[in-house]
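K.L.:
Sequence:
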Amino acid sequence: VQLQASGGGLVQPGESLRLSCAASGNIFSMYIMGWYRQAPGKQRELVATITPSGWISYLDSVKGRFTISRDNAKNMVYLQMNSLKPEDTAVYYCNAKKNWAATDNWGQGTQVTVSS
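Numbering-wise (my numbering), the sequence shown opens with residue 1 and increments by one.
If you're looking for bench data, these hints aren't it; they were derived computationally from the structure. One or more hints might be untrue.
[As the list claims (entries may be wrong)] Taking lysine-lysine and the DSSO-like style, the derived pairs with C-alpha atoms no more than 27 Å apart in a straight line are:
1) Lys42 x Lys74
2) Lys74 x Lys63
3) Lys97 x Lys42
4) Lys97 x Lys63
5) Lys74 x Lys98
6) Lys85 x Lys42
7) Lys42 x Lys63
8) Lys97 x Lys74
9) Lys63 x Lys98
[Stated by the list, open to error] The calculated label-pair distances, taken between Cβ atoms and stated as ranges, are:
10) Ser53 x Arg18: 21 to 27 Å
11) Arg18 x Gly54: 26 to 32 Å
12) Lys98 x Gln12: 34 to 40 Å
13) Gln38 x Ser83: 18 to 24 Å
We treat Cβ as the ideally placed atom computed from N, Cα and C, and that holds for glycine.
Make the full structure from the sequences, and use the hints.
P.N.:
Structure follows, in structure tokens:
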């Protein structure tokens with residue numbers, strides 16, 4: 001599967017962004033999809049996951065602010081980010097894998113910068 005992320009940008013604290021990830025392939029609905037982020041000098045961290053059955057999990061620091069969703073008919077996964085904080089600044093990556101132990105597939109990152 002190939003992934004193409006978009007939607008990043010520069011916003012002020014408290015504002016919102018929606019990231020999108022377009023996936024190729026006709027078995028997208030079977031993949032576990034996730035959003036990761038990597039800030040300068042820090043390790044990449046898992047922000048949100050959505051499984052084929054719709055089970056969802058979030059990084060504690062984004063709970064209540066971020067929402068992950070998927071549209072299997074369009075081969076798309078989204079990350080709605082509200083009430084953004086400067087600490088959310090990072091490059092955000094879309095991820096797909098067939099199961100929890102499978103090889104990761106990565107898209108190119110999209111930069112999110114939250115600054116006044």
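K.L.:
Each hint needs a verdict: does it hold in this structure or not?
P.N.:
Tested hints:
1. Lys42 x Lys74: Not satisfied, since the Cα-Cα distance of roughly 33 Å exceeds 27 Å.
2. Lys74 x Lys63: 26 Å, holds
3. Lys97 x Lys42: With a Cα-Cα distance of about 23 Å, the restraint between Lys97 and Lys42 holds, given a limit of 27 Å.
4. Lys97 x Lys63: 23 Å, holds
5. Lys74 x Lys98: 18 Å, holds
6. Lys85 x Lys42: 17 Å, holds
7. Lys42 x Lys63: 20 Å, holds
8. Lys97 x Lys74: Distance ~18 Å between Lys97 and Lys74 Cα, so the pair holds.
9. Lys63 x Lys98: 25 Å, holds
10. Ser53 x Arg18: 21 to 27 Å: Roughly 23 Å apart at Cβ, these two residues keep to the hinted range, so it holds.
11. Arg18 x Gly54: 26 to 32 Å: 19 Å, violated
12. Lys98 x Gln12: 34 to 40 Å: 39 Å, holds
13. Gln38 x Ser83: 18 to 24 Å: 21 Å, holds
Hints 1, 11 from the earlier list are contradicted by this structure; the remaining hints agree with it.
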